[in-house]
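Number of protein chains: 2
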Amino acid sequence: MDDRELLKVVMGIVGRENCMDDCAILPCGDQVMVATTDMLHRTTDFVDGMNDWQIGWMSAAVTLSDIASMGAAPKYLLIAVGLDRWEQLAGVMQGAQDCCKKYGAAIVGGDIDHHGELTVVTTGLGLVDKQFLVQRSGARPGDLVCITGIPGQAQAWLEGYRQYEKVLFEPQPRVAEGQMLARAGVTTMMDDSDGIALSLYDLLGVNECGFSLSSDKIPHPAGIPEPQAGELALYGGGDYELIFTLPKELHPIKGVPYTVIGEVIPDKTVLVDGVAPARRGYQHHWT
Amino acid sequence: MDDRELLKVVMGIVGRENCMDDCAILPCGDQVMVATTDMLHRTTDFVDGMNDWQIGWMSAAVTLSDIASMGAAPKYLLIAVGLDRWEQLAGVMQGAQDCCKKYGAAIVGGDIDHHGELTVVTTGLGLVDKQFLVQRSGARPGDLVCITGIPGQAQAWLEGYRQYEKVLFEPQPRVAEGQMLARAGVTTMMDDSDGIALSLYDLLGVNECGFSLSSDKIPHPAGIPEPQAGELALYGGGDYELIFTLPKELHPIKGVPYTVIGEVIPDKTVLVDGVAPARRGYQHHWT
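So the sequences go chain by chain: A and B. When we follow this note's numbering, the leftmost residue of the first sequence carries the number 1, and every step to the right adds one. When we follow this note's numbering, the leftmost residue of the second sequence carries the number 1001, and every step to the right adds one.
Some hints could be false.
DSS-like mimics (lysine-lysine), calculated; alpha carbons at most 25 angstroms apart, straight line [unchecked claim]: (1) Lys1130(B) / Lys130(A); (2) Lys130(A) / Lys1075(B); (3) Lys101(A) / Lys1008(B).
It should be emphasised that the hints constitute simulated quantities derived from the structure, not laboratory data.
Work out the full structure: start from the sequences and follow the hints.
Below you can see the structure in the form of structure tokens.
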């Protein structure tokens, strides 16, 4: 049993339409509010070596990334912290506060709990004008498949490449980029936190077309031998880059560095060099 | 170190103004959006004997109660579930969904995590017209201190009075009552989830006046000998009644059952029968 199978259980109860995007979409005056929640905790997410400040930073960053992927501006964060040692609270809160401040959001609420394991749940709220909202559905055959930054670096740290510590420990959500891409007219967008392959399968689930990538176009983390670097780029989790689809005539978008890695195809399938990649990446598993 | 001491640490980082009410207050078109988050988990909150459906129900209810205490209508819930056993997910989600449905809210987002201990974090969003928003500050000397329902029943279960199981396991947030009280003109409001005594000390912290109760006016849970029943009523946690202050000339408010238990006084102090009650109730403690 993995995350995506469990999501089907949830869909059966709360409705499929409430499980399709990185954020919920709520009316808010003339604008749209997007809302998202993320649970992180010691065992799964906060690796050894991270300090309290980085734990707080990461907890805020992952939620701001979901907001960015809708083309929205992050505005508010609520943060629930379950602590085994209360001494960690100040560092965690300062890290979350600094991350919010950098990206234009404010911490407006929270909860503190005595917990057996350090657990942080952040809920982010963002705003976007309705016409600039980007969802996971909307890709059209012929659109370019693109990604910001270099995927695979966070996972590379987990596999021993310590030069990528900052990427994993202090993720930088693509907040400004998300809004610029939305205004430029991208047709779908999400972050690649579970890896490119799983992200494309997620997009496949909500679009009536498919995605064909060329492995030689995907940027690889530097200083890592092949085929490991390519493997990391395609399947590595823990990055917070934006994957998006873009009508060809809108390429290139000025002011946002990104790489074209493939094309939207009429066939409802995911292909890398013409072959379906494994449906794997960052997932939780239950036995 | 307890919750309220840790809250001071948080205030130092995110600002006191973001820690004063049950909910954050956010502009949303012509209305005000209130937002709140609560973390519950097996060890502290889900007592033995609760089934998965009740765990989900309680997780939603505590958050809807915070929204009710602002006079707002609950609209949206996000729910993050950390699971040790995936088999619990459907029950938890169904309980949360049923609670939301009863009180007019919808589950619009969430997260699923593999966790060592069952942990549920709910974030609620509600809407209220600006003129009907009620906060913790606003009490004026001469106002009546009032409470809905009968306090102490949830704690009574924990002390062996099994007839109160439903009160503890399936709390019924005062959602309709909160909105009616707000429209009727109450000056402050909060829920009594940490007990009456602690709630009044919380109100004391944000008002320039005090609160004087008469113990013989406080309703006591039935079937429990004194002085235990009075002790439960004053200090017991786990209830979700509304405590509020009301200008005398507005009493009685029609359609909402409540009891007048005291009066707002000019002195900045909390008194029960003329004596300051202990500053205790439901709190987490760290060593």
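* CA of Lys1130(B) to CA of Lys130(A), is that 25 angstroms or under? -> holds (24 angstroms)
* Has the given pair, Lys101(A) with Lys1008(B), been kept, meaning a C-alpha gap of at most 25 angstroms? -> holds (20 angstroms)
* To do: Would you mind confirming whether the straight-line C-alpha gap from Lys130(A) to Lys1075(B) stays at or under 25 angstroms?
  => holds (20 angstroms)
Comparing the model with each numbered hint stated earlier shows that all of them hold.
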